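Asker: For the protein sequence lines, the chains are V and L, in the order given. The first sequence runs 1 to 144 under my numbering. The second sequence runs 1 to 164 under my numbering.
It is worth saying that the hints were derived from the structure and are not from the lab. Take these hints with a grain of salt, some might be off.
[What the hints assert, rightly or not] Reference excerpt, derived from the structure (chain L facing chain V, CB under 7 Å, subset only):
#	residue
1	5
2	30
3	133
4	149
5	150
[Said to hold, decoys possible] Listed next, the in silico BS3-like pairs over lysine-lysine satisfying Cα-Cα at most 30 Å (straight line):
#	chain 1	residue 1	chain 2	residue 2
6	L	40	V	132
7	V	132	V	39
8	L	40	V	39
9	V	47	V	132
All values reported here derive from a predicted model rather than from experimental measurement. Quick reminder that beta carbons are idealized off the backbone N, C-alpha and C, glycines included.
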Amino acid sequence: MRNLLRFLALGLALLGAVAAHAAQPTSIRAILITASNDKAESDPRLKPYEAELQRNLVFSSFRFVNESSAPIPANGRSTLQLADGHALELEVEKGGGVRVRVVWTHRGAAMMTTSLPLRAGAPAVLVRRGGKDDNVPVVLVFAR
Amino acid sequence: MNCTRAQTSICAARDAALPPAEAAELSAHLNGCAECRAFKTTLENGLARWRAETAAVAVPDAELEWRAVRRRIQAESQRGAFGLPEAWLRPLRWAALPLGAAAAAAVVFFASPDRKPAAERSADVASAQPVTVEVPGDASAMVMVDDRSGWVFVVASDPRPRDL
Ligand SMILES: [Zn+2]
């Protein structure tokens with residue numbers, strides 16, 4: 001019985017270690033885009049993302065504004081400054097899988113706060129639609 | 001406009017009036033697509049029920065709500081969440097709309113985007129993780145997980161004047 005328990009404990013510890021290792025991203029990257037309904041040339045910097053954006057969002061064109069990335073420090077917290085007063089406060093929550101809490105502000109005003117799981121290769125796409133659908137800010141958040 | 005975009009628009013239109021161009025595109029698509037018409041009707045019915053049930057939850061504690069939703073999903077796994085048939089859930093995969101209240105928190109659950117038979121899906125749902133969204137003022141939010149890519153879309157919208 002004791003051996004069985006020891007075996008189980010070892011198994012759980014190993015699983016935990018593997019999960020923790022696989023789950024910890026080393027950095028977060030964000031891309032700021034503006035979306036609108038005007039027909040426009042596609043931006044080569046958005047080539048890898050354009051198909052999914054077109055398929056899922058109701059905008060006709062996407063314009064790359066800028067991008068920023070930061071390593072995730074030990075406490076999991078970091079701030080990314082993007083262009084035009086946009087900023088992301090990030091908190092990577094430890095535990096099973098990568099979970100990120102994002103506070104998106106624009107010139108100090110709250111845009112949205114979200115907490116979501118983030119998988120490698122699949123970004124979170126944050127969109128803030130205002131009264132008009134031109135130059136709608138969109139932020140792609142990646143863990144890597 | 002394809003069906004995925006049409007269905008995203010249908011969801012967005014629940015929260016705020018669509019811009020005229022998008023509304024026109026959507027109505028053109030709906031005229032020619034019985035599947036999206038049915039999606040719209042069922043979503044409206046399902047959401048009415050979802051909203052009634054959500055409004056009855058006094059304390060929007062994510063963990064409690066998640067447990068309740070999970071039980072309900074498991075109970076309804078034959079019918080699909082919100083009583084929608086499985087086929088209609090697939091393109092949006094755990095889309096949910098919050099109430100348009102101040103600082104509304106949307107809690108959405110989704111599983112990894114793999115195509116498994118419905119019988120295995122309740123196991124997926126059990127390991128699903130919630131997405132929470134808070135938006136300021138009277139903005140509303142929608143969360144969608146693309147079934148094909150696994151990308152998570154969080155769309156917050158300011159209220160629009162209904163008649164533009
Ligand atoms: Zn359709």
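Asker: Each of the hints needs a verdict: does it hold here or not?
Answerer: Hint check results:
no., hint, in the structure
1, 5, "holds (6 Å)"
2, 30, "violated (14 Å)"
3, 133, "holds (5 Å)"
4, 149, "holds (5 Å)"
5, 150, "holds (4 Å)"
6, L:40 / V:132, "holds (24 Å)"
7, V:132 / V:39, "holds (16 Å)"
8, L:40 / V:39, "holds (28 Å)"
9, V:47 / V:132, "holds (25 Å)"
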